[in-house]
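According to the numbering used here, the sequence shown is numbered sequentially starting from 52.
FYI, nobody ran anything at the bench for these hints, they're computed from the structure.
Check each hint, because a few of them may be wrong.
[Said to hold, decoys possible] Here are the computed distance ranges between Cβ atoms for each label pair:
no., residue 1, residue 2, range
1, Leu158, Arg213, 53 to 59 Å
2, Ala150, Cys243, 43 to 49 Å
3, Ser257, Asp118, 24 to 30 Å
4, Cys141, Ala305, 36 to 42 Å
5, Leu145, Asp322, 39 to 45 Å
6, Arg62, Glu262, 22 to 28 Å
7, Gly251, Val328, 31 to 37 Å
8, Asp140, Ala162, 25 to 31 Å
9, His227, Ala162, 21 to 27 Å
10, Ser257, Gln326, 49 to 55 Å
11, Asn209, Pro176, 27 to 33 Å
12, Leu158, Asp322, 48 to 54 Å
13, Asn350, Pro176, 28 to 34 Å
[As the list claims (entries may be wrong)] Capping the alpha-carbon separation at 20 Å, the derived lysine to aspartate or glutamate pairs in DMTMM-like fashion look like this:
no., residue 1, residue 2
14, Lys232, Glu193
15, Lys323, Asp280
16, Lys103, Asp164
17, Lys323, Glu260
18, Lys211, Glu351
All C-beta atoms in this analysis are idealised placements derived from N, C-alpha and C, irrespective of residue type, glycine included.
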Amino acid sequence: MKEWTIERYERSRAGEWNSFVGSARNATFLFNRSYMDYHADRFEDCSMMARKGGKLMAVLPANITADGVLHSHQGLTYGGWILNRRHDDCVSVLEFWEAWLQTCRDLGITAVDYKPLPHIYATQPSDEDIYALFRSGAVLTECNASAAIRLANNPGLNDKRRRYLRLGQQIDTEIHELSDKHLIQSFYEILCSCLVQRHGASPVHSLEEIELLMANYPDNIRLWGLFADGELQCGIMLYISERVVHSQYTATTAYAREQNLLTPLTAALIDKANQDVFGGNVEYFDFGTSNEEHGRVLNETLYRQKASFGASCVAYTRYLLNL
């Protein structure tokens with residue numbers, strides 16, 4: 052019987068890693084090494100590769116911290132073991148899981164902080180790792196509530212949101228995709244101002260990082276804006292994977308908030324997703340999470356704003372496994 056081996060990722064394996072991710076059943080472009088490594092200086096990479104009889108069967112995006120904890124990569128919203136499209140069943144995952152945990156112990160790792168991929172992003176059911184976490188005694192430490200629309204049976208806007216849409220459509224506006232460097236910078240300035248004023252926060256990505264990632268992933272990272280009187284008033288940056296259009300960043304001016312201009316922009320992008328503008332396999336429009344304090348606090352106003360477009364809850368979970 053061929054045995055499982057677990058090895059740490061090395062940069063010389065980038066091509067093999069990316070090829071595997073490109074054909075996996077539970078991967079998005081975020082797991083491509085050129086995306087993960089744009090901020091490599093911030094994390095000590097400890098990604099792993101599982102082989103059976105020398106053949107690559109699964110990969111894990113991860114980093115390690117000074118306290119000896121292995122994390123589902125902290126530069127990514129989600130992670131977990133990425134599985135082969137055809138050959139990894141629950142039994143085989145349990146087999147390499149034990150080999151992986153032993154490798155972690157051998158490396159002096161004391162615990163694993165694990166963030167599974169939310170199920171809507173997988174092209175096939177891929178919850179083998181959640182079952183393995185349960186079998187290993189992992190504890191749920193975080194559960195965040197995202198809001199997503201299943202496009203095939205979207206219940207549509209609620210009454211309040213339809214009213215906002217009608218009011219917004221009375222204003223002379225235009226919606227365009229933003230690719231010009233100047234417009235991307237304008238969006239970023241609005242984003243920074245909006246986050247500071249409303250949340251006392253700043254974007255995770257710098258302007259330079261956004262420009263780099265958009266250049267590297269023009270089909271996956273796209274930016275749309277709504278203009279009134281020739282001025283950009285609001286914008287939404289989309290992360291587009293095989294099955295999901297995800298709203299990564301939303302920016303609004305004070306005027307856009309006053310006139311509810313985010314409503315016609317969001318509705319237009321949902322329509323584009325329905326019309327296969329972002330790819331024929333897209334099934335969900337995901338607004339992202341609305342939580343604080345590791346999920347224990349729900350921003351009810353923000354969540355209901357997303358739900359008003361027809362979205363319902365998708366859990367983004369996190370587990371701790373002590374070794």
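Quick rundown of the hints versus the structure:
A hinted range of 53 to 59 Å for the beta carbons of Leu158 and Arg213 is consistent with their spacing of about 55 Å. Taking 43 to 49 Å as the suggested C-beta distance range, the pair Ala150 and Cys243 conforms, at roughly 45 Å. As the Cβ distance of Ser257 to Asp118 is approximately 27 Å, the hint placing it in 24 to 30 Å holds. Distance hint for Cys141 and Ala305: a CB-CB separation of about 52 Å, inconsistent with the stated range 36 to 42 Å.
Range check, Leu145 to Asp322: about 43 Å between beta-carbon atoms, so the 39 to 45 Å window is met. Checked against the given bound of 22 to 28 Å, the beta carbons of Arg62 and Glu262, roughly 24 Å apart, stay inside it. Between Gly251 and Val328 the beta carbon distance is about 35 Å. The supplied range of 31 to 37 Å therefore holds. In this structure the supplied range 25 to 31 Å holds for Asp140 paired with Ala162, their Cβ-Cβ distance being about 27 Å.
Separated by about 47 Å at the C-beta atoms, His227 and Ala162 break the suggested range of 21 to 27 Å. Between Ser257 and Gln326 the Cβ separation comes to about 33 Å, which falls outside the hinted range of 49 to 55 Å. Distance hint for Asn209 and Pro176: a CB-CB separation of about 31 Å, consistent with the stated range 27 to 33 Å. One distance hint, 48 to 54 Å for the beta-carbon pair Leu158 and Asp322, holds here, with the actual separation near 49 Å.
Separated by about 30 Å at the C-beta atoms, Asn350 and Pro176 satisfy the suggested range of 28 to 34 Å. Among the hinted pairs, Lys232 with Glu193 is inconsistent with the structure: their alpha-carbon atoms are about 38 Å apart, more than 20 Å. Under the criterion of a C-alpha separation no larger than 20 Å, the hint pairing Lys323 with Asp280 is inconsistent with the structure, at around 24 Å. Taking the CA atoms of Lys103 and Asp164, the gap is about 25 Å. The hint is violated against a cut of 20 Å.
For the proposed pair Lys323 and Glu260, the alpha carbon gap of about 26 Å is over 20 Å, so the pair is violated. Taking the CA atoms of Lys211 and Glu351, the gap is about 16 Å. The hint holds against a cut of 20 Å.
Violated hints, listed in ascending order, are 4, 9, 10, 14, 15, 16 and 17; each of the other numbered hints is respected by the structure.
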